[in-house]
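Participant: If you want the building blocks of each chain, they are given just below.
4 protein chains.
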Amino acid sequence: MKKMNLKLTLLILISLGFTLPQQKQHIVFFGDSITQAGVGASGYITVLGNLIKEKGKVDQYQLTGAGIGGNKVYDLYLRADDDVLAKNPSTVVIWVGVNDVWHKRTHGTGTDADKFEKFYHALIRKLQAKNIKVLICTPAAIGEKTDYSNELDGDLNKYSNIIRDIAKKNNCELIDLRKAFLAYNLANNPENKKDGILTTDGVHLNDKGNRLVADEMMKALVK
Amino acid sequence: MKKMNLKLTLLILISLGFTLPQQKQHIVFFGDSITQAGVGASGYITVLGNLIKEKGKVDQYQLTGAGIGGNKVYDLYLRADDDVLAKNPSTVVIWVGVNDVWHKRTHGTGTDADKFEKFYHALIRKLQAKNIKVLICTPAAIGEKTDYSNELDGDLNKYSNIIRDIAKKNNCELIDLRKAFLAYNLANNPENKKDGILTTDGVHLNDKGNRLVADEMMKALVK
Amino acid sequence: MKKMNLKLTLLILISLGFTLPQQKQHIVFFGDSITQAGVGASGYITVLGNLIKEKGKVDQYQLTGAGIGGNKVYDLYLRADDDVLAKNPSTVVIWVGVNDVWHKRTHGTGTDADKFEKFYHALIRKLQAKNIKVLICTPAAIGEKTDYSNELDGDLNKYSNIIRDIAKKNNCELIDLRKAFLAYNLANNPENKKDGILTTDGVHLNDKGNRLVADEMMKALVK
Amino acid sequence: MKKMNLKLTLLILISLGFTLPQQKQHIVFFGDSITQAGVGASGYITVLGNLIKEKGKVDQYQLTGAGIGGNKVYDLYLRADDDVLAKNPSTVVIWVGVNDVWHKRTHGTGTDADKFEKFYHALIRKLQAKNIKVLICTPAAIGEKTDYSNELDGDLNKYSNIIRDIAKKNNCELIDLRKAFLAYNLANNPENKKDGILTTDGVHLNDKGNRLVADEMMKALVK
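Keeping their order, the protein sequence lines are chains A, B, C and D.
As numbered in the numbering used here, residues 177 to 399 make up the first sequence, in order.
As numbered in the numbering used here, residues 177 to 399 make up the second sequence, in order.
As numbered in the numbering used here, residues 177 to 399 make up the third sequence, in order.
As numbered in the numbering used here, residues 177 to 399 make up the fourth sequence, in order.
Some clues are possibly wrong.
Heads up, the list lumps identical chains together, so a pair's fine if it works in one copy or across two of them.
Dumping the calculated PhoX-like pairs for lysine-lysine here, alpha-carbon to alpha-carbon at most 25 Å [what the hints assert, rightly or not]: (1) 302 x 344; (2) 309 x 263; (3) 302 x 263; (4) 291 x 370; (5) 302 x 291; (6) 369 x 344; (7) 355 x 370; (8) 369 x 294; (9) 399 x 355; (10) 369 x 291; (11) 306 x 200; (12) 355 x 369; (13) 370 x 345; (14) 231 x 395; (15) 370 x 294; (16) 369 x 345; (17) 384 x 229; (18) 395 x 200; (19) 344 x 370; (20) 344 x 355; (21) 302 x 345.
Hints in this document: simulated from the structure, not taken from any laboratory.
Use the sequences and the hints to build the structure in full.
Facilitator: Put into structure tokens, the structure is as follows:
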């Protein structure tokens, strides 16, 4: 009798168009200073939240920023337990790489390519072991010139290739921000300026940059 | 009656010079290329093993090398589970720092001082959480000149000071190899040579260097 | 009478196909290790000499190598008097820039972009003040990958742009080896290899590289 | 008669304490940002001028600053004609070296030790060829800690040793500012501070630093 009743109730609910209460997706954005600024008033995470609201899906997503300025891939690995796993996310977006390349030149403390790969794999494994969905991003830019004459373009392309390869090997969805930024600049930076198009300083996002990133994240996260 | 018997047995055993079977101390040496070479025929771990044998204490100590060339402090952190904890050591000797300084100059991929400290603390905590006794060493040398004119002396001294401070804060015994190497060179390197006294190339140990390190380790480990 | 005779003599000479003895062009190639190797058995200067021979113009050109390994633009400036002006050239081909970029990464001793430009200008002025014809080259490659993912591609493109600009400002003919190398690789390096197409190691020329450089020099120098 | 009169006149002049009009020594201070600041209100050149005034020797010395921020030894070589020789000095004080070491770390554009030496020799020869008296200084400090744990102490000591050797080889008087700064700090920096004793930032001089440098220069220049 009890069983019959339950089945019946479910059938009625379904026929009436109800859905069972769904668990919110908790997305943690894990990265460096760009992600740290992402939770600001005009930051990309805030913009993404607004886009989700416009879609009427605000109840389905919880967005949490976990960015710290100056972070490289091994810094993320070190604080993954405290700053990500402790928050019980269902999804994590990793966006890292600018400092691993940049600090070679500015501080002598960048990350070797082979170790970048090793720590990135270890970080993904740590998250995937908890059944977390992991999406990874290429570093967008250190300079916005479109003729590959930004000082660090070569190395940044090299590390972006590594990340694209890591995505394939680990079955992670790739958000190819470097590709998106270059395409946007090719269309909108005819004077070959080094910044001011999507960034304030070649690295950190201005309003258009925050919007572009939010749009790319939207495509990947909200389907 | 039973108690009496036990006491008696113990007294007899003691009077006969017997000791109760003791558990072997398992010491893992955790480091970079210098430690990787330490298990070689004339390496410092091998020499230390011989010194222990001469003392007739071979049954009390098991020595295991866990050195990998090019390793910096964060590399040790990444492989601590697999290469150290999995071996169930009672004691770990950490000797790292040369590459964290050196690679700034040669590869642009050294370690920032604040992150060096952060990873070193995290590594010690990881080991101490398993009740492992941790001893830590200062980096011996990048160049053997005694007038502080080896190119990286300043930074190496800075990182050595950080390690000395870490030892205090974490109640780790310090094996101050940098101090020992400088003292030896002041006495034995009157021509202010850059290598050839305790090292082959300013960094990696020759026979005298391996012996000096083994002697310093002996003092700290076998009492 | 005398005049008539001279005219007549000239007319006869011309009709016989003689030309008046012409002064040889003395070309000095001024650069780094690539140019130092250029005078070797298969080096680009030797190959260029052979091309000139094939054209039957061997009497018109004298080729002299003045390359020293590791040289940057300021090293050329320092030795311009002794190694170039003292040889009384009519033409100088300057080919420099690889080390100015490369040594930033490998030794911390590259050349700032603004100082690269300043020394390059000063060097050209020094030569042009002696009525020497100056041709300048872009640095060909540090790595032969064609997707701009060679580590130093960005900076090398930046310095190549500076050189192209210097050529314009100083009325020097430009030999755009970087452009020629990239075009060749796009056509002949489908696997995106880092070396082995025109270079042995990404920088120094193999036989095909020496031939390509000689061809480009031929176009610019022998008309 | 004429001769007699002249002799007589001279004797009278001498007995009255007059001296014959002497040619002023024109001293040019050739260096980097420290020397650029040296002509400021409290700069070391200004302080030196005041010390000379106090000695009543203001008519005997003309002091000219020729410092430009960021200059390394090869920058001095490039502008020696325009900025020094064109001013017809009788004496030149060269003080350079901080940037040659420092920029290795901060910009990847320091100066190789062998090239530092080569340009320094060439610069001295250029000046001595005009019968100019040349005095040279060691770089004072990049950080004021007294235990050789300033990051660049090793390399700065190395370049100071090179300069001491250059002084000997070229018969230049040495003003050993590095030695003077260390001695002062050993006496007056008991807390091992990194700056604030003789410098504002470890490199650029505060009032006490300007005074110390002026005192050292006084000893060498005004005898």
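Participant: Now, for every hint given, state plainly whether the structure supports it.
Facilitator: Structure-based check of each hint:
no., hint, verdict
1, 302 x 344, "within (17 Å within a copy, 32 Å between copies)"
2, 309 x 263, "within (14 Å within a copy, 32 Å between copies)"
3, 302 x 263, "both (14 Å within a copy, 21 Å between copies)"
4, 291 x 370, "between (29 Å within a copy, 20 Å between copies)"
5, 302 x 291, "both (16 Å within a copy, 21 Å between copies)"
6, 369 x 344, "between (33 Å within a copy, 21 Å between copies)"
7, 355 x 370, "both (17 Å within a copy, 22 Å between copies)"
8, 369 x 294, "between (35 Å within a copy, 23 Å between copies)"
9, 399 x 355, "within (21 Å within a copy, 44 Å between copies)"
10, 369 x 291, "between (33 Å within a copy, 22 Å between copies)"
11, 306 x 200, "within (17 Å within a copy, 37 Å between copies)"
12, 355 x 369, "both (17 Å within a copy, 22 Å between copies)"
13, 370 x 345, "between (33 Å within a copy, 23 Å between copies)"
14, 231 x 395, "within (12 Å within a copy, 63 Å between copies)"
15, 370 x 294, "between (32 Å within a copy, 22 Å between copies)"
16, 369 x 345, "between (36 Å within a copy, 22 Å between copies)"
17, 384 x 229, "within (19 Å within a copy, 60 Å between copies)"
18, 395 x 200, "within (18 Å within a copy, 59 Å between copies)"
19, 344 x 370, "between (31 Å within a copy, 22 Å between copies)"
20, 344 x 355, "within (16 Å within a copy, 33 Å between copies)"
21, 302 x 345, "within (15 Å within a copy, 29 Å between copies)"
In this structure, every one of the numbered hints holds.
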